[in-house]
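Protein chains: 2
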Amino acid sequence: MTVNTQVLLKSRPAGKPTIDNFEIIDTTIPGIKNGQILTRTIYLSLDPYMRGRMSDAKSYAEPVPVGSIMIGGAVGIVEESKNDKFEEGDIVVTHTGWQSHAICDGRGVRKLTPSSAPISTALGVLGMPGMTSYVGLKHIGLPVEGETLVVAAATGPVGATVGQIAKIKGCRTVGIAGGAEKCAYAEDELGFDACINHKSNNFTDELAAACPNGIDIYWENVAGPVLEAVIPHLNFFSRIPVCGLISQYSMTELPSGKDYLPLLMRCILTNRTRVQGFIVTDYNTDFKEFISTMTSWVESKRVIFKEHRIRGLESAPEGLLELLEGNNFGKTIVEVSEDPTV
Amino acid sequence: MTVNTQVLLKSRPAGKPTIDNFEIIDTTIPGIKNGQILTRTIYLSLDPYMRGRMSDAKSYAEPVPVGSIMIGGAVGIVEESKNDKFEEGDIVVTHTGWQSHAICDGRGVRKLTPSSAPISTALGVLGMPGMTSYVGLKHIGLPVEGETLVVAAATGPVGATVGQIAKIKGCRTVGIAGGAEKCAYAEDELGFDACINHKSNNFTDELAAACPNGIDIYWENVAGPVLEAVIPHLNFFSRIPVCGLISQYSMTELPSGKDYLPLLMRCILTNRTRVQGFIVTDYNTDFKEFISTMTSWVESKRVIFKEHRIRGLESAPEGLLELLEGNNFGKTIVEVSEDPTV
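As you go down the protein sequences, you meet chains W and D in turn. If you're matching positions, the first sequence starts at 13 in the numbering used here and goes up one per residue. If you're matching positions, the second sequence starts at 13 in the numbering used here and goes up one per residue.
Everything labelled a hint here was simulated from the structure, so no lab data went into it. Watch out, some of these pointers could steer you wrong.
Intra- or inter-copy, both count: the list cannot distinguish identical chains.
Said to hold, decoys possible - Derived lysine-lysine pairs resembling DSSO-like cross-links, with alpha carbons at most 30 Å apart:
| id | residue 1 | residue 2 |
| --- | --- | --- |
| 1 | Lys181 | Lys70 |
| 2 | Lys211 | Lys270 |
| 3 | Lys179 | Lys70 |
| 4 | Lys97 | Lys45 |
| 5 | Lys45 | Lys94 |
Using the sequences and the accompanying hints, generate a full structural model.
Below is the structure:
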């Protein structure tokens, strides 16, 4: 009998999560019933939103119950099917979470059609992070030729795609990333007009210098000191799509010191800035448009991507902790089992 | 020769403005040239935005230069006209500021057509504050039947109108005001479902109790502690039209203590809240629609209004200071000279 390895949420983190918040167990796989499919996970996606699901604070999604499998998107292969819609060997995108195998009824499972892109991109540029970038710009960022867009975590899967789409739309694009290597990649490979190292002592001045015409769109992935540095440069009618807040996910209480809320509110009033949160699933009806447009951009290399590969499901907890510290370089993909397409 | 009394901005305030920031002078009125009109000010409007124009911080409008006439909307009567579009005796709305008389070329001057409402309403419910309420709800607040709207400064000209429009749209309306008398007026006369006294020791609890289904629209007039109390109750897809920030206009530095910015950002992300600043003049094309709709609401008493009258132009500086402290009760109107229509 095949063993199913699963990573469970063992406890809720108080502040920064640790390895001890996870537990790895082996279970056995029961036979599947009519209507079900058995999938073997090939790639597991690690994403910042997972930090939110580890907590039970009010949010847009239910938290992962303690003792349950960590949620997450995955690419797998159908090993057995008693569902008319799937055949053995189908490559599928699922939401079956952090486990080596899964049984499900096929709902929410999408078959991957052959493409020139590797199947792992269904978790990145051609998946949730890519679509997040696409719909956030389409509905909130609203890039206009000649405007300046700033995005932090610029070499991550969302930031990199946001920057490249904004470039296609004719914007000046300024990335923010942690370290010289990432900044060089953002400028040389991703085509950002500039990329500023947020670890630099002169970060604020360098950001200002990179935005001589101010900032029209600030794509919010991180909040914290980056947001505080951006606010004084926001232009009239600027937009801030709020996609993530990685710097504050593990905050246990409001920080002491200056209160920056009046600074943001004043900026919003005097510039008529629009700040709006969103979740990719709010725009599911855009999926066909997204996948068609983005596939053509990827095939023509107008949009490129970079993966940060981790080997083995048992490495996923450490991989998520590293991601939350910004120690990934590109889209974090866990190689769970062999990819038959390469 | 007629004397023109003018109130000048003498100096920029450091923090709270004082009487010493203003200077009252008497000048003489020159003869008017072809194309010009001479108006006598009947009513001068005092509004919170004037605090912003006293400062030279970056904003949506140019500051009043030191030594110049304070800006402001007024209702006047044409005393002399060398402009084909105006006749002696016309009642007009102007932007001629804090002075007893003015000469202008007629641009931006609107003739008041006879209406069942007093001419001073052209500075209130049928003027800038009323239109601010109308367009802010139409374009950003987007009230839907059954939703809950919260507005502070609920007996001021904007807050009162916002609450009454939201009621017409079928919302539960919760006002916030300073003192029992204002709260009683908001509930008994303006039709708010509840009005909470922000000076109450139990303000936060009382606000929560008044919003059993959370808050869908928070109309921002004030910021500060009211905003902090509202944030935890905001619903999914809530909207915050940012119209004013009266609690922080005279702030000289960011306050020390807790940093509430992460609280707002988390709220925006997890609720997909939209926070957006606006200025009434961004929506000038809505004027005809506004004036037609609001006039019918005022005539049918579906929207009522209250004025806080001050006598004499020389009282305007003190009137503005009182307004900024929340000591007005209704729309502040300075009676500058006799109203021939009453």
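Okay, the hints, checked on the actual structure:
1. Lys181 / Lys70: between (36 Å within a copy, 29 Å between copies)
2. Lys211 / Lys270: both (21 Å within a copy, 25 Å between copies)
3. Lys179 / Lys70: between (36 Å within a copy, 29 Å between copies)
4. Lys97 / Lys45: Within one copy, since 14 Å is at most 30 Å while 84 Å is not.
5. Lys45 / Lys94: within (7 Å within a copy, 91 Å between copies)
Of the hints listed earlier, there is not a single one the structure fails to meet.
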